[in-house]
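Visitor: So the protein lines, in turn, are chains A and B. Each residue of the first sequence is one higher than the one before, starting from 1 at the first, in the working numbering. Each residue of the second sequence is one higher than the one before, starting from 1 at the first, in the working numbering.
Any given hint could turn out to be false.
As the list claims (entries may be wrong) - Ranges between beta-carbon positions, derived for each pair:
hint, chain 1, residue 1, chain 2, residue 2, range
1, B, Lys366, A, Glu42, 18 to 26 angstroms
2, A, Lys311, B, Gly46, 31 to 39 angstroms
3, A, Ile533, B, Asp345, 52 to 60 angstroms
4, A, Leu52, B, Val364, 18 to 26 angstroms
5, B, Asn217, A, Leu292, 51 to 59 angstroms
6, B, Glu172, A, Glu42, 48 to 56 angstroms
7, A, Tyr317, B, Glu225, 39 to 47 angstroms
No lab work stands behind these hints, which were simulated from the structure alone. C-beta atoms are modelled at their ideal positions from N, C-alpha and C, and glycine is treated no differently.
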Amino acid sequence: MKKNNGVIILLYCLLVFFIVYFAFIPVISVIVYGMNLGCKIEIIYKYIERALYYLKNSLVISFVVTFIATSCGMTIAFTLRRLKFRGRNMLRIFSLLPLIHPPFVGSIAFIMLFGRRGLISHQFFGLDISPYGWKGVVFIQVLGLGALANILISSVIEKMDISLEEAARNLGAQEKKVFFTVTLPMMIPEISSTALLVFLASMADFGTPLIIGGDFQTLASDMYIQITGMYNMQGASISGVFLLIPCIFAFVLQRYYIQKRTYFTDEVGAKDIEYKEIKPYAKYLLIFFTSLFIGLVLLKYTFIIIGAFTKQWGYDYTFTLSHFQSILKRDFSSFINSVKLATYVAFISSFIGVVLAYILHNKRVPMAAFVDFMAVLPAAVPGILFGISYLVTFKYPVLGMGRWILKDIKPLVLLGTEIIIYIICIARYMNVGLRAGSALLKHVNSDLEKAAYNLGASETKTFFTVIMPLLKDAFFASFFKNFSTTMTTLGAIIFLLLPKNKVAVQQIFQIITSSAMGEASAMALLLSLLCLIMLGFFYVLFYGGSLWHKMKEGRGVWKSY
Amino acid sequence: MKKIIAGLIAVLMIFSFSGCKKQEVNSTNTDSEEMVQNKTIENDLGWSSSHYDVQKMKDVTLNMYGVTDTIRLVLDQFQEDTGIKVENLTMKNGEILQRLKNEKDSGVNIADIWFTGGADTFINAAQSDLLVAYQAPEANALEEIMKDKNGYWHGTSLTLVNWVVNKQLIEEKGLKMPETWEDLLQEELKGEVSMPNPASSGTAYNVVSAILQTKGNEEGWKYLEKLIEQVPFFTARGSDPARMVVNGEAIVGINASNGDRELEKNNAHIQLIYPKDGTGWWPQPVAIVKGTNNLEASKVFVDWILSKRGMETLAKVRNAAVARTDVEVPKGIVDISDIKLFMTDFQANAQKREEILAEWEKHVAK
Numbered sequence: 001m002k003k004n005n006g007v008i009i010l011l012y013c014l015l016v017f018f019i020v021y022f023a024f025i026p027v028i029s030v031i032v033y034g035m036n037l038g039c040k041i042e043i044i045y046k047y048i049e050r051a052l053y054y055l056k057n058s059l060v061i062s063f064v065v066t067f068i069a070t071s072c073g074m075t076i077a078f079t080l081r082r083l084k085f086r087g088r089n090m091l092r093i094f095s096l097l098p099l100i101h102p103p104f105v106g107s108i109a110f111i112m113l114f115g116r117r118g119l120i121s122h123q124f125f126g127l128d129i130s131p132y133g134w135k136g137v138v139f140i141q142v143l144g145l146g147a148l149a150n151i152l153i154s155s156v157i158e159k160m161d162i163s164l165e166e167a168a169r170n171l172g173a174q175e176k177k178v179f180f181t182v183t184l185p186m187m188i189p190e191i192s193s194t195a196l197l198v199f200l201a202s203m204a205d206f207g208t209p210l211i212i213g214g215d216f217q218t219l220a221s222d223m224y225i226q227i228t229g230m231y232n233m234q235g236a237s238i239s240g241v242f243l244l245i246p247c248i249f250a251f252v253l254q255r256y257y258i259q260k261r262t263y264f265t266d267e268v269g270a271k272d273i274e275y276k277e278i279k280p281y282a283k284y285l286l287i288f289f290t291s292l293f294i295g296l297v298l299l300k301y302t303f304i305i306i307g308a309f310t311k312q313w314g315y316d317y318t319f320t321l322s323h324f325q326s327i328l329k330r331d332f333s334s335f336i337n338s339v340k341l342a343t344y345v346a347f348i349s350s351f352i353g354v355v356l357a358y359i360l361h362n363k364r365v366p367m368a369a370f371v372d373f374m375a376v377l378p379a380a381v382p383g384i385l386f387g388i389s390y391l392v393t394f395k396y397p398v399l400g401m402g403r404w405i406l407k408d409i410k411p412l413v414l415l416g417t418e419i420i421i422y423i424i425c426i427a428r429y430m431n432v433g434l435r436a437g438s439a440l441l442k443h444v445n446s447d448l449e450k451a452a453y454n455l456g457a458s459e460t461k462t463f464f465t466v467i468m469p470l471l472k473d474a475f476f477a478s479f480f481k482n483f484s485t486t487m488t489t490l491g492a493i494i495f496l497l498l499p500k501n502k503v504a505v506q507q508i509f510q511i512i513t514s515s516a517m518g519e520a521s522a523m524a525l526l527l528s529l530l531c532l533i534m535l536g537f538f539y540v541l542f543y544g545g546s547l548w549h550k551m552k553e554g555r556g557v558w559k560s561y
Numbered sequence: 001m002k003k004i005i006a007g008l009i010a011v012l013m014i015f016s017f018s019g020c021k022k023q024e025v026n027s028t029n030t031d032s033e034e035m036v037q038n039k040t041i042e043n044d045l046g047w048s049s050s051h052y053d054v055q056k057m058k059d060v061t062l063n064m065y066g067v068t069d070t071i072r073l074v075l076d077q078f079q080e081d082t083g084i085k086v087e088n089l090t091m092k093n094g095e096i097l098q099r100l101k102n103e104k105d106s107g108v109n110i111a112d113i114w115f116t117g118g119a120d121t122f123i124n125a126a127q128s129d130l131l132v133a134y135q136a137p138e139a140n141a142l143e144e145i146m147k148d149k150n151g152y153w154h155g156t157s158l159t160l161v162n163w164v165v166n167k168q169l170i171e172e173k174g175l176k177m178p179e180t181w182e183d184l185l186q187e188e189l190k191g192e193v194s195m196p197n198p199a200s201s202g203t204a205y206n207v208v209s210a211i212l213q214t215k216g217n218e219e220g221w222k223y224l225e226k227l228i229e230q231v232p233f234f235t236a237r238g239s240d241p242a243r244m245v246v247n248g249e250a251i252v253g254i255n256a257s258n259g260d261r262e263l264e265k266n267n268a269h270i271q272l273i274y275p276k277d278g279t280g281w282w283p284q285p286v287a288i289v290k291g292t293n294n295l296e297a298s299k300v301f302v303d304w305i306l307s308k309r310g311m312e313t314l315a316k317v318r319n320a321a322v323a324r325t326d327v328e329v330p331k332g333i334v335d336i337s338d339i340k341l342f343m344t345d346f347q348a349n350a351q352k353r354e355e356i357l358a359e360w361e362k363h364v365a366k
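So here's chain B without its partners, still in its complex pose (with noise of 0.2 angstroms):
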């Protein structure tokens, strides 16, 4: 039994010496980034923030929130540039909301910064008091409704909706591969179209009050209702059409991406579609979050990521269509010219959210 314990207690201590290496790990691993940072200031990587302390940040680790581990890539880079460290956690954007909120209410603050996710989050976020205002002078270089005017979130990269469609099926079914909304209602496609429920999903409602805001109220919700015929179901979260289209158990998805072609590069089968009439978009905004212990950090974080460098990362490792013009497309990417996107009034769609719900309900249960 002794012996037992004391092989127990032999590996625990491993696990908290391992813990210790991985720190002294990451301190030689800050000490080379300074030396890249003296770098940087020579070359001139495109980046500058009248916020950053080299000496005073080479131990700062910021806490991000945000929706997708594919940004991983992004903050290494940042961390190579500017010697900070960050560590991401990965939720549902209502995931985050809600822990932010918690952590508000109860005074304790995790997260210093929430970069990605939808703008109707961050939104929502701003009038519940839950962020921190930033004039970040890097935003000049954006549209102004890639930001909010009073600085609470800044757009970074696009999301736009688009429809995953599994090309074998609409082959070996003889049908016209669809091209506008219209094209959802052909009767072939009754229960093939795949949506997420608006009511859970950011990417549904944003196309729902994009329709409605296009095409005015009355032939909105007309054109709702039929588009409602045609989904055996709504799926609880905004990321399920794209895995049914993939697995065969429906033939479109609506579905929302960075811009990038990565569903198609890696699945044979399935071509993305951006239809042409226009389609629903957000930015990604990135925000930093009220109660944060690394303001200035923080802010270096918005600078870095807003400027041209971190756009170009972002663009690089995201293949994401980015919030800047003046970033160059990397190849393989949709060019958003090419796109007609749905002029979309994202305070009045965080606003009518209530209502609009309400109304859809009505016409489910029809």
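Excised from the complex, chain A in its bound form (with noise of 0.2 angstroms):
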């Protein structure tokens, strides 16, 4: 390969640069933050017990919902994929619905629907039982990790050697036999990767355990609760800690162990396989708890609905429009802000994310595997650690290093900028770009590039007329997922946000506090049917005229993902 030319050395120095001041070091000085404390030694040795307290809890839960969640989305996946029944493409269509969820509410509605006055648990059943407590929490958790899971597996079947399967089929095997002898073996490096990233957010969830968790709480949601009810700042940032090494212990564990091989394709889009073979009793029981699994995703959904329209949730069901026009009566500048933080971050951090991958893999670039893991450590940082390691980074000025050096430059200073929670997300949503650019690259001949160089064509111009649109899928990919999760993230952005540009989400919090059921639904469906809305446009604008025709292939814009 040629040697590197300047723009791309200074285009890596620049990225690199970013990564260390936006991904790295923030995580590094929450920890440093965390265990270099002023107070006395029996102080921080309540701090540790308190913190080891809630680690237990958060590890238990996290275990069993990333056990039950992958499996309950494998399945799912499965079915979906490799049975042919009727209802089978509405049920691919809904099981997408998690991926443009209204935040919090789905909490409420569980407990509207299975909680003691509950409409199915105590209407239908007559059944008396308290929803709050851990059992909640993992049933939220793997009603929504789980539907997340199906949908990177689902992504996998799709790409998936089916060769091999053929081949065992051929010899006479079992369906069953194939999947577990077969099938499974070749999938594990993507089912740990789904695996461990229900692993993190399950960790990260503070939501979840806030509003159902009774006084069973988590570490990150035990954050949350010391920072806002007991001020103590010390204290979160020890819990920090302690929720960090095992994500991190997680992350490491899988991703330079466990995935050392990927089984794809070359050929992207290979052919769905059916089961036919399969005995009736099993396909049946397969489509039964599919179908049970969605239709109670699906009945969530209609539950925030109907909480939308209707007078009084859960009591009155009445239709009314009253909350509806409570929301126009307030500021409403909150979802103007968070269609514009979206669009911003997924353009920004999609394209970081994709020409990292391309500088990382196909030009020889010192510590290309240290800077890789720097720039996808924020995947394993808590969103809500991560905004505490902003807080207590960028209140410095000089981007931080005024706390050693130019003290007196004020300007500088990132913290109370509009710009600091553009920069969080860019830099915590990069990773998304970058490992859907490596997972391309990989499978992308370099001949292709190695003869535009032969043709005489310039560094630059061989990257924008044969790189640029290989990475083009991957670029999309990236911009859908993270345009979508920027619209309904808070963890990372809660601390950091200013009167000025408040997000949607941030509002549907804190009107969750007070009670107003009705609103908060209806404002979480605002925001949902915004960020439908949006990643419609954006589809368009980007498929533009192939649209019709993927449309008639029935290709849906989720199956980037």
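Two chains, two separate frames, one set of hints: put the complex together.
Guide: The following block contains the structure:
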């Protein structure tokens, strides 16, 4: 390969600077802040004791949820991909709902459906069971993350090399045997990466335990309580360090030890195969389970819609538009801010991620592996902790360096500027583009690039004409994902928002606390719709002409996940 | 690919334009408000401030931290009266305190004013040197207990502790509507009383300390011990019990309110009870944040909100009981003179916090 030219080197340096500064240093500095305490040893001991207690809760929940949600997701994915039955396409569409989930209100819908006075548990079955506690947390998380696991695994099944499976089948193996001896082992890297994402999401979730945990709180929610209720930043940082340890451990374990090999085909979009030989009872059991799971998800969403349009959610189901009216009376700018934030963040973070993937894979640059590690590290850091890390780093001037030098230069303090929430989201989500880009580049034959060089194209020209079109898919996939995540994320930015750039999720979170459930559900519904409309808009923008063609093939926008 | 990039840039530009447009709208707004302002001086709407300067303040935007979004309409009224725009961000008490500490540490000032919240956080903030002492002239209309003697904060509306009761469940189970704190201890309510954790909720801490101050330490802890028995678990946030009772997960929830009847109005199965033998309360203060770049405009805000005009707006919009006694109480609000309030020493509450919470932990663990 030719020597790197100046543009690439400059770009690489800039990216590395950005990554070190906004992804790596904050994480290091929150660890340092958490451990470097000015107070007495007994107090530290008390904080650690508290952190360990909640860590245990977090780990128990996360392990249980990871196991159940990943298994559910896998079962559903295989049922929807490899069994033919009526209504399959409808279920497939419904299974994508959680991607635009209205945040927080799901837990409340669950309480109203399955609580002591729940519509289903009490009205229909006459039960009187308290939904509060760890079971409720597990149930809610499994419902949300199981659906997410399904989406992740579905996209893998689609790209899997089926030749091995076919071979086993031709040799006369039963479907069950093929699945457990060929398919499953082949998918271990992908399943483990799905499980990792589920684990990290479960560890980081503070909203669910807060709303439905009762006296069962997790480390993430306890961190929130320590800051907002007990005014104890120091204790929260110690908890943060303890929260970070298992997350990073799982992350490193999965990334560097389990995910060594992948078995994708180069041919993206390999044919779906169908389990024809499967026994009827097994087939119907699988279909029943899938329908039940997706039915529950659907029930939750329907109930939220009902809540938004009825007078008093759970008690008085008279139709009303008053919740929407009172939302309109409020400050509406938060919705505009949300869309603005999501658009900028999705665009920039995906772009950075994809370009970085290209440089790390196709150019010989120093320390590529370490830069890659630093860039994906924020994915392992729970959002609320990442937010705190920005808080403790960028309150000092000169981008945080002013702690030691240049103490008097005020204008360069990032905290309290609008741009900080853009930066934190970009730093947090650029790994999505990076991973999507890396996955694609692994399969791209470098002959193309070499050919372009040999024909005399400059490096930049090669990049734009040969590589960019290839990276387009990775960019789009990352764009859609980052857009919808940014629209509904709160943890990372909750402590960094300013009065003038507050976002819709933050308002929903506050409204829930004032017991105005109808309003909260109406607002969450609006946010989801807005997210969907914007995604549709971008989809038309990106795919434009080929849209009709794709729709005819029945490939939805979500396939890009 | 080029098309796509061009399209994206177009989208991004739309956002930046929409930003500009918004500002234009704002400036025309302020123009018309100036006219309103001229009128207000003639009409005398019931407020005045020696710090007010129409010309200087027409483009000023104050950043405000607070604990409720319902305050928006009050802020709009303030803007209409003065031309000063207020942007508010709603958070929890503790989050605000933490932010102000961070802002002081770093020297980056974001907030100019802090309005709504619990008096205890304001006291804490004043001790941490986060607030500006301002002796507002209008404060003379307030009772001593409603304000800080150094002028760090002034009470505006009142927060009253009340019980949110699920009437439907009371009838279903054939219980007597609880009226006094002793009534909460009845056997049938075991596991049905919801209360926040005093370590993380200002409401619950206020209740605990008020009970201790009223009943005395010994009797107080005896009562609390029995109360603890009734509560299945202590919620993380002060707002949780009301939600639980509305959802039917508990029968009685210890809650904080403005003195409004909103929950009752919106939910046919809910009744709000103010215990006959006294209840906890605190003023919701307003304060100027130290380090503000808009000190004069912030003072105008304090003057305005403490004035008759401001408090009337507050009472009307929030359906709140307010600190001034010369303001007419809007309909639908509980009349404070009908309610017995616990004598509360807010300074002592703030000082004894650690000690009381440690004792509380012991009793919960029992």
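Visitor: Check each numbered hint from earlier against the structure, then list the numbers of those it violates in ascending order.
Guide: none
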